[in-house]
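In order, the protein sequence lines correspond to chains X and B. One point on numbering: in my numbering, the residue at position 186 of the first sequence is 186, and numbering is uninterrupted. One point on numbering: in my numbering, the residue at position 22 of the second sequence is 22, and numbering is uninterrupted.
Hints in this document: simulated from the structure, not taken from any laboratory. The C-beta atom is built at its ideal place from N, Cα and C for all residues, glycine as well. Each hint should be verified, as a subset may be incorrect.
Claimed, not checked - FRET-style restraints, in silico, Cβ to Cβ:
(1) X:122 <-> B:452: 54 to 62 Å
(2) B:85 <-> X:122: 27 to 35 Å
(3) B:678 <-> X:47: 23 to 31 Å
(4) B:85 <-> X:146: 34 to 42 Å
(5) X:25 <-> B:106: 34 to 42 Å
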Amino acid sequence: MSPADATRPSLLIAIRDVGNQSAWSEFVVLYTPLVFRHCMRRGLQEADAADVAQEVMKSVAGSIARFEYDRRKGSFRSWLLTVTRNKLANFFTRRARRGDETGETSVQELVGSEASPSESADWEREYESRVLSWAMEQVKAEFQEGTWRAFWGTAVEERAVAEVAAELGMSAGAVYIARSRVIARIRRRVAEVDLDDPMVQAAFGAG
Amino acid sequence: MNPSPSADHHPLPAGCLSDADLEGLVCGQASVSVLAARHVEECALCRARMEGLAGTGSLQGSALRALEPTPLPAPLAAAMDALCRTPPSSMTERAVEGWGGAGDVPLDAPARPGALGVFAGYDILEAVASGGMGVVFKGYDRSLQRIVALKVLAPALAASSVARVRFLREARAAAAVNHEHVVAIHAVGEEKGLPYLVMQFIAGRSLQARVEATGPLRPEEVLRVGSQAAYGLAAAHNQGLIHRDVKPGNILLENSVERVKITDFGLARAADATDVTRPGVVAGTPEFMAPEQARGERLDHRADLFALGTVLYTVATGVSPFRADSTPATLRNVCEHRPRPIHELNPQQPRWLSDILERLMAQRPEDRYPDARTVAQAFEQGLVRLQSGRRPDPGTSTHEGNRQEARRVPPSIVMVVAVALVVLGMLVVLWGRRPVPARAPFRIVRTGGVVEDSTNWTEALATLRSGDILELAWDGPRVVSPIESTGRVLHLRAAAGRRPVVVHATRTRPWLITDASLRMEGIELRSAGTGPRGESIPRPGPMNRQAIDSARRSLERNRTHEPGHQLLVCQGGDFTLVNCRLVTASSVDEVEVPILLRNCPWVRLLNSELLHAGGPAISWKASNGDRLQLSNCVVMARSAFFFAAADDGVAEFELDQCTFVGTFLIASLSGGESLRGRGSHNVLSLRRPWVGLPGASGPGRQRWQGQANVYDRVGVDAGLQIPPTERGSLLLDLGLDAQVRARVGAGKPVRPEDFALPAMHSTRLGETAGILPEWVGPGPGWERWRALKAER
Chain X
1 MSPADATRPS
11 LLIAIRDVGN
21 QSAWSEFVVL
31 YTPLVFRHCM
41 RRGLQEADAA
51 DVAQEVMKSV
61 AGSIARFEYD
71 RRKGSFRSWL
81 LTVTRNKLAN
91 FFTRRARRGD
101 ETGETSVQEL
111 VGSEASPSES
121 ADWEREYESR
131 VLSWAMEQVK
141 AEFQEGTWRA
151 FWGTAVEERA
161 VAEVAAELGM
171 SAGAVYIARS
181 RVIARIRRRV
191 AEVDLDDPMV
201 QAAFGAG
Chain B
1 MNPSPSADHH
11 PLPAGCLSDA
21 DLEGLVCGQA
31 SVSVLAARHV
41 EECALCRARM
51 EGLAGTGSLQ
61 GSALRALEPT
71 PLPAPLAAAM
81 DALCRTPPSS
91 MTERAVEGWG
101 GAGDVPLDAP
111 ARPGALGVFA
121 GYDILEAVAS
131 GGMGVVFKGY
141 DRSLQRIVAL
151 KVLAPALAAS
161 SVARVRFLRE
171 ARAAAAVNHE
181 HVVAIHAVGE
191 EKGLPYLVMQ
201 FIAGRSLQAR
211 VEATGPLRPE
221 EVLRVGSQAA
231 YGLAAAHNQG
241 LIHRDVKPGN
251 ILLENSVERV
261 KITDFGLARA
271 ADATDVTRPG
281 VVAGTPEFMA
291 PEQARGERLD
301 HRADLFALGT
311 VLYTVATGVS
321 PFRADSTPAT
331 LRNVCEHRPR
341 PIHELNPQQP
351 RWLSDILERL
361 MAQRPEDRYP
371 DARTVAQAFE
381 QGLVRLQSGR
391 RPDPGTSTHE
401 GNRQEARRVP
411 PSIVMVVAVA
421 LVVLGMLVVL
431 WGRRPVPARA
441 PFRIVRTGGV
451 VEDSTNWTEA
461 LATLRSGDIL
471 ELAWDGPRVV
481 SPIESTGRVL
491 HLRAAAGRRP
501 VVVHATRTRP
511 WLITDASLRM
521 EGIELRSAGT
531 GPRGESIPRP
541 GPMNRQAIDS
551 ARRSLERNRT
561 HEPGHQLLVC
571 QGGDFTLVNC
581 RLVTASSVDE
591 VEVPILLRNC
601 PWVRLLNSEL
611 LHAGGPAISW
621 KASNGDRLQL
631 SNCVVMARSA
641 FFFAAADDGV
651 AEFELDQCTF
661 VGTFLIASLS
671 GGESLRGRGS
681 HNVLSLRRPW
691 VGLPGASGPG
701 RQRWQGQANV
711 YDRVGVDAGL
721 QIPPTERGSL
731 LLDLGLDAQV
741 RARVGAGKPV
751 RPEDFALPAM
761 HSTRLGETAG
771 ILPEWVGPGP
781 GWERWRALKA
791 ER
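Extracted from the complex, chain B is given alone in its bound form (with noise of 0.2 Å):
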């Protein structure tokens, strides 16, 4: 209930109503007493009890003058008429779109008791799991007199004639495979237009419904799954037959026994059908999924020694290594990330098994086993030993040969090695599980391995040397003074659970300026006065001619790019930048650019924001064959970046996934026609993408390639801009009318009509499209992009 003044135990004068004659005078339903109405009349206090107790005060005049009732149009009143009449029930299965299960595929009458149908021939006796590819029936294969698996390819995928010639042709050679790690392919057929496969009906579980069920898998019981497996796939991989999708769900164990049998060789092709894959889709299983595969390249055999690999350090750790939030970040981690030996994350896994899964989980194809039959091998091998109770052939480890030399040392020491190990690896274990805190805030990691803990940052920095790892072990901000480096390569990362970040407070110099490769990781980078909200960063004003030349000016002083006072120069040196954030607080007027880069052949921006309201984001001076690259990032600044040819090669860009607010993709003032673009999936909420600044030369638009793309709030000429060559994108306008104004792409002419503003808005061109400060730092604007794009 509302606070009245009589809650603050003040005794209330005599005659007054007390808090339950208020509340019954308020909420009650009987006429009121003249007595209490004089009181409430003559008494003020009791009065602004009374109406605190309703709350009149946030319900007066403006709020409530609005709310006068207007009669329902009549398409409105028919449409809420026919709904009320309508019980809510009979539209749940209308909401169930796409793939949710046996419904979707169309099933002959049932010809025997008990069954739910009949699909080419079989009677279908029920749904055994439904997935993205299609659904598995358990049936009756009445000529033969027994129990089989029927797949059949899900129906939206099965309309595009690349997926199904797909799924045949694979169904068909996976069909030729006969081994007893195998799951028995008995017939390929169509029926009603949907591909199916009639399968060895499989009783038991899968080895992820194993795991879930069981917790991780024992080491013998990875050896056996492995070495089983491996077999399976040595035999299909003889008839030159790639999986493609090796995963647990596709691992089945025999009830009893446990046999490994494999199932769906090669299927995923069938959704890999560009005509079916929807964007942001990749086929196969982005977690397990090989470097190679992740990156779209021609794979071999090999692909599926990475994936099982993977799919082994799951069971035996019951963590997926490279799983992360979104399917892009997950495929990155694939590309980049090496993960920790399993032994670390589970004790009870030899050291030997670690190595033999990293070899399996190599990034570099050459660096794998050469076939499954040599992992088989090497499992069986592992086994053998393991129940023996002897170390596995030195031929199957990468680091035997430090260990052998280890045999020669006193077994005394072996045994307080040993000791020590173990104690170490439970720490190992502990500080996975929850960061320790750590006193001192600057950590080196050396090459070596060795971690020296440092208080001095000029100190920790005085001794770092090219590949050590400087980490920032605190959370929140803290005063850090610039660094200047010179022939290193710098590698700074938040420590494991810290989220850091460095207040750069210096303004006439850049926080960091190296001539080498840098890359950070996880590190929140702000310039001094933006808040925790980044508050301070102005709303730029309208896109007027005065802004322009503004923006103008603080290019051209720009253009000679001199390090001032950036936050990250490097000159020279791959950059990359991964789950990093940069806030600066500059304007328009003053000439911040928070990354400047010259010279710098390969530069990455991975998973990170740029909160920039002045010029550009990055600047960027670059020499022929330089990449420039962003990935799943969010750029806000006047431009994402500001370019200039060092000279008269080509340097090229290529972004997807990306979100840029503000008024242009590109500035350049000069070498723009040196400049070759890509990009997909990109939100382009600029009011001019495409062109550089008024009176300079532009990209040239017609070196950009850009596919499903959406570009939001561009102003009406911007439109007209937008190059021929964009294919599938979009234009809309969310700011102003949430329409898709006009599709772009399929090689259709764009033209002017398209992108008419009906006229109600036309006044409303001209207002604000950069950045707003809502959207800005960790508030509630902030929190819901973060989530929508995880979900995505």
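So here's chain X without its partners, still in its complex pose (with noise of 0.2 Å):
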């Protein structure tokens, strides 16, 4: 890892500072995508999905500007998930609403408070997927066309080597290494994004 990575300051802790705008655009950019996804699974209209994913960011940002992340609570993608539930919550509250105001909060109160286990497990599989995608998105111009080319040709559509090598002009090994290199690049950079790192927690304790 290299000293700049070492030293850069995590996503979570970076937007709690309020005026990191960079790192406030990173976090809507890696997370936005991931909630309004979930909320089209949940059979919303794309103009609601996103308006929704919106609702939520803004509440993400106002709960960690006061500190109240709490790991003790969980980790931070069931956090999110808890967010988003509740707005999804609201949402339907207020479009299944037929004029009579009781029982409001006692939705979002029980909605919030429980995931089943399979939306749990899709929302794991959502999150995981879209920080990959969004690594790959983001570390995919620090590469040589034929880097990436020779990582996508055996890691992603899983051709033989030699087929993709041959087709690039490159060694064999070479093609190992530059599939090597991009995926400890990726890695690397899902693990500065990982909210859910000790370290981060850490920070987050005192909360």
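Hints given; two lone chains; assemble the complex.
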């Protein structure tokens, strides 16, 4: 790991510094599509899903600034799911409202209280896959075209190393190395934003 | 870093790349040398080492293929763009919801420098405190040129006309009280729709702040605060005013002299308006509440005496006697728990002070002191006697008779006894701090308080008498042979600090069978074959005809209510489970019901968990007037309980704050019409909550009164069966699409279209809707559930 990576402040800590606009943008780009996709899976229209996702991100921003993210209540990803479910419940309540007011509090409390196992599992998958695909988008520009294509052909498309090497005019050894380089870089990028990392958690331990 | 083969200290073959070389290859930016590339191509070992270093194995193929970038949908791109352009700092204020501070009270522009603004003609200098009820400002009264305190009702509460009217009425009533130990109310009014009252400003701190700063009070301080507070309460009681929320935060201590001033008379009533009370929120402060108040019964001035006792107990020991993790648990403690005498927790406190507090905190109001003035006098006498080194007047203690006899005993014996008591007291204190490892697994606490240890279960049982408590003093699982008991009240509980797990290994008979009252506390009971995580609990299959038939057969066999291999059988007498957990390993085809009850007039399961994959969790054969209550429980079973009426009478059940996972709430083959139920704040994750079994007579939906329940994961047809008497409840489907499909209640008829599932999900109907093994046992899912439950 290069020294620059080691000193890079974690994303979650960075966005707590409310003046850190670039950290915030990174956070938005990383997580908004995840929340959006989750809303779509719950049957929302694109416009509604975007609205709910926007509400979730605002709520997260507010809570993080107030140090409310508490690791004892679970991982960041499960917290994000809870916020998302609450906002979804609000959305459905608004939609289902037919004029009377009773019961809204209990919707929020109870819907917010627990995700079903299958929903949590879906969320885990969506979360992992969003972070990975974000990391891929992020690091792609750092590599030369040939290196990236060597990675893509062998790791993603799972074609034979020899075949990809021949196509790109590289040695098989160079293809192996290219693939390892890209994957290692993706993994480092993921680790940088891993909000459930023990170090990040420790930073929030007091909150 | 990832381990590489070289880490095992095997020498690498000549020509191989070193770890540093490999790291340079994988993490470096430099172009790859032809030599290194050739070596990696030829040497499988180095290739494997390199890929281990990069973590290639976990990131390949399908994991990545799903990630091919797709263009962002336009609404999402717009939302992200808008978010990125908004600094997160601007969102923080919006995120503060509800009552957070002075910002919620509309103030006029300040009229003098240094003031925050003007409210109702008073200069607002600063916000002193804020809470659920409202905010307290320090203000300046220009006409009378004095500092005052302004209490403004929270806007959220002020939105309710009931709360507004109550606040004003109670404040006006309190304004009539003029006493040196009651904070004087100068004015009451309403400004911009917010009721407020203007009070004497007390420079000082609350009793709560005092205890937090300096720890428990000395005996003379407890007596002084107690007598002054009691005089203040007496003055209010004379005006017919009940405080309803006596707590350390409402008892102020004036600077320097620490004169007691009670504040907030009657204001708890404003929050008690039903239209603003949130589910599970009780007006008043649960940990200082009298039992009659906790039960929502009519109360008189003696409720304040109980609260005063609890407050003094807390400040004398530093321990709140009834506090628990959740409000329901606290309220239960208030009604059931008898706190340890304060002199056991804090040896500095005299025994007779324990007795006074014990009398204040008597469960029945008629067992308390008759009025606050008598209490004040008892404290004053105690203070006088404490200062002159003598005992208090006999009239103040309930146990004085014994002590008078003790006075006639020769002094030398008194001395020996005193020393022994001090040593015992220290032991008790140490005991309370840390459980002493006990060698004997069984301990009998006799009615007189004598404790006997036993290592032999059969022997312990044989000597057990009605009223004795049998304590289980071990942690973790232990096979315990079954109990058969007749004619005596059984009380079993976990010893302090212990978490015993009783394993029932005899499948042919119940673990415990009794014909009299049974109470169990803090015990986990599992039938053999269930692992620590309940792994062997089978996942029920789809709810098809075959499964229904199978369940029905098992129920029919169970209909006779004969003891078989249940865990607990109680045939007569009250049945109480508190903080217990029952786990069984039976499947649908086995007839094992964890709890079998017949002719038990009063059945209560509190804060307990029943995990059972087979038929019903409880088989309940009721007589006329019998009651069953489940509070704060989790029941995972095919049905929560199986009901059969013994005669033509009516039995009642009550469910609150429970979670039910399974298929039915009630299974009933007969007598369903004689069952009457109420329930609120439950989560019913049941496929068909309201039917018995097909072909059987239902439990009479019309006899169910539900409020603020959540019906979760119900089948399409089941929604139609939610009774029209349901109020303010919700029908959710978290399992399928997290949609609130309909709100049930407010007298509106439920229509079939309210329950229609989106077409895309229709294929998933009919899937498992029963117990999921990952929900069971102390795994991560379980722990998460518990944590959330505790928060709620």
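Checked hints:
Range check, residue 122 (chain X) to residue 452 (chain B): about 56 Å between beta-carbon atoms, so the 54 to 62 Å window is met. Taking the beta carbon of each, residue 85 (chain B) and residue 122 (chain X) are about 31 Å apart, inside 27 to 35 Å as hinted. Our hint of 23 to 31 Å for residue 678 (chain B) and residue 47 (chain X) is violated, since their Cβ atoms are close to 43 Å apart. For the pair residue 85 (chain B) and residue 146 (chain X), the supplied restraint of 34 to 42 Å holds, since their beta-carbon distance comes to about 37 Å.
For residue 25 (chain X) and residue 106 (chain B), the hinted distance range of 34 to 42 Å is satisfied, since their beta carbons lie about 36 Å from each other.
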